Amino acid sequence: MEAKIQIPPVTLYNTRTREKEEFKPLKPPYVGIYVCGPTVYSDPHLGHARAAVVFDVLRRYLTSMGYKVRFVSNITDVGHLEGDADEGEDKIQKRARLEQLEPMEIAQHYTRVYNNAMAKLNVIPPNIQPHATCHIPEQIELVQTILDKGFAYVVNGSVYFDVPKYAQKYEYGVLSGRRLEELESVTRELRGVEEKKHPADFALWKKAPPTHIMKWKSPWSVGFPGWHLECTVMNAKYLGIPFDIHGGGMDLIFPHHECEIMQAVAAWDTEPVRYWMHNNLITIDGQKMSKSLGNFITIEQVFTGEHERLSKAHHPMALRVLILQTHYRSVIDFSDSGLASAEKAYKRLVQALKKLETLEFIGGKTDSSKEDKIIKHINNFYEFMSDDLNTARAIAQLFDLTSIINQLANEGKSVQTVSPEIGEILKRQYSHTLVDILGILPEDEHLDTSRLHAVLQILINLRQEARKHKNFQLADRIRDQLREIGIILRDTPYGTEWELE
RNA sequence: GGCAGCGUGGCCGAGGGGCUAGGCGGGGGCCUGCAAAGCCCUUGACGGCGGUUCGAAUCCGCCCGCUGCCUCCA
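Letter 462 of the first sequence, counting from 1, is numbered 1255 in the working numbering, and no numbers are missing.
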């Protein structure tokens, strides 16, 4: 890192303490991050995209600072109970019955769909992507530990966490700010006859009804693990308790993350997580997007444009930019026009990057105020990223740099107003912040375009000759026909550029 | 009902007592065979009513409107 660029210490808003805290890993330079992954029984939607992109940027940022990050994100393939207790049916099983498939076939299919979507969004795959069904023995073991410690009880082959007992020894609701008495008054009327001693108790192990397909042997019954168990088990197994950062959507704070804390504290007498981070939700027309409301847009629909609310197919990076232009703790009200505007913004950033790569900084007539601005914007970028991952402000700095790059490019290929030293910093940092840290990929990097490149160069050269001879009819025909197949030609002071639409 | 939060210019979205956010769009100009892109200039905002203050979009109070969690969910 060059001397002129300073990266301030990272502060993160910790849901647990409700304030921004300086991030200090337990065992530097190692950082453990766990993010709640998807339940794989349907297509991933915009909400999945947001959580994944937000924590991908966190991971990239910490990595760029020299931390060695282990990033764990699970696949929930057991399915959780639907509705309450005894009426419950495993989600994946339900879907399997509907489609006449093996439950594991469903899980496998949607895991693949999810991972494909993540790849398109340029989300780096987790270092470990553990599956709940691969950790049944560990989950059974944890249930036993909690039973041994006296914080759970067995009823008819099911095991429940004893929340009132826990609340006697430890504080209840540390994450969500919820109080046990209030919870009781609300939930009492909602629930019918059941095995739980207290409405706030939750299942650690459920005995499976005879029709249930996904089930495993345990000391208590043939059944399946409770909703919150897998995360605790996989935290402990792959990151150790306690570990640094646990992330997920805000809707998971209660009860999911609250239960995770109780399980870990009950089992090991230690709060499991140093920093709890929660991204806010995505709304559509001001309404929460959710599975139960059925108003969600899948990630793939954004890319194909096949949804009544979408006017066209959008570039995956447009979605990424849209997400990063909002701070992660604010709501994003999703719209087609917002996505379209993000797409234009994305193109601007990427065009500036391409342009910057062709520039040569020779100095000679250096403009120190311009150079100062460049350094200032780069430092601001890091300052805002370190301030609770404020990607909205950080990306604004990149737009300011974009503007400067465009001005420099107007000088021609050889730039005199910026010294070679500052020019190199600009080149390195602009690319590093945009591509490596924010994960905004220049277009078509995945595509092998080398031959297409060569062919277009031939056409561009022919057109150039036609223009030289003032044969504009031919020149325009070449450009128009290329446009018809989605290739746009653009004449610039330093030659003709092309771009795929 | 309990808890948490939000209301910013045409749209999206940062910020948060005096200091240009940014993106998209609109207007004017430069460049150009034309087009596109780019550049320069520009427009324009802090839900309502009170209060604190030399000064409030920013702090406090009340009111209005909206959202999330309390049921699986990112």
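To be clear, the hints were calculated from the coordinates, so they are not data collected in a lab.
In this text, all values refer to a predicted model and were calculated from it rather than measured experimentally.
A few of these clues could be false.
Straight-line distance between alpha carbons at most 25 Å, and here's what the computed BS3-like set of lysine-lysine pairs gives [to be verified]:
id: 1; residue 1: Lys1148; residue 2: Lys1163
id: 2; residue 1: Lys1158; residue 2: Lys1140
id: 3; residue 1: Lys1081; residue 2: Lys1163
Simulated restraints, written as ranges between beta carbons of each label pair [as the list claims (entries may be wrong)]:
id: 4; residue 1: His1100; residue 2: Glu1277; range: 40 to 48 Å
id: 5; residue 1: Asp1044; residue 2: Ser1207; range: 53 to 61 Å
id: 6; residue 1: Arg971; residue 2: Thr938; range: 20 to 28 Å
id: 7; residue 1: Val1124; residue 2: His1262; range: 54 to 62 Å
Just so you know, even glycine gets a beta-carbon here, dropped at the ideal spot from N, CA and C.
Inset, instruction - Measure nothing beyond the straight line between the CA atoms of Lys1081 and Lys1163; if it is 25 Å or shorter, mark the hint as holding. - result: Cα-Cα ~45 Å, so violated.
Inset, instruction - Confirm or reject the claim that Arg971 and Thr938 have a C-beta distance inside 20 to 28 Å. - result: Holds - the Cβ-Cβ distance for Arg971 and Thr938, about 25 Å, lies within 20 to 28 Å.
Inset, instruction - Just tell me: holds or violated, for the beta carbon distance of Val1124 and His1262 against 54 to 62 Å? - result: Since Val1124 and His1262 have Cβ atoms about 58 Å apart, the given range 54 to 62 Å holds.
Inset, instruction - For the range 40 to 48 Å, tell me whether the beta carbons of His1100 and Glu1277 fit it or not. - result: 26 Å, violated
Legend entry - Proposed proximity, Lys1140 with Lys1158 (alpha carbon, max 25 Å): 30 Å, violated
Inset, instruction - Mind checking the alpha carbons of Lys1148 and Lys1163 for me, to see if they're no more than 25 Å apart? - result: Distance of about 18 Å is within 25 Å: holds.
Legend entry - 53 to 61 Å as the expected CB spacing between Ser1207 and Asp1044, which holds or is violated: 54 Å, holds
Of the numbered hints listed earlier, those contradicted by the structure are 2, 3, 4.
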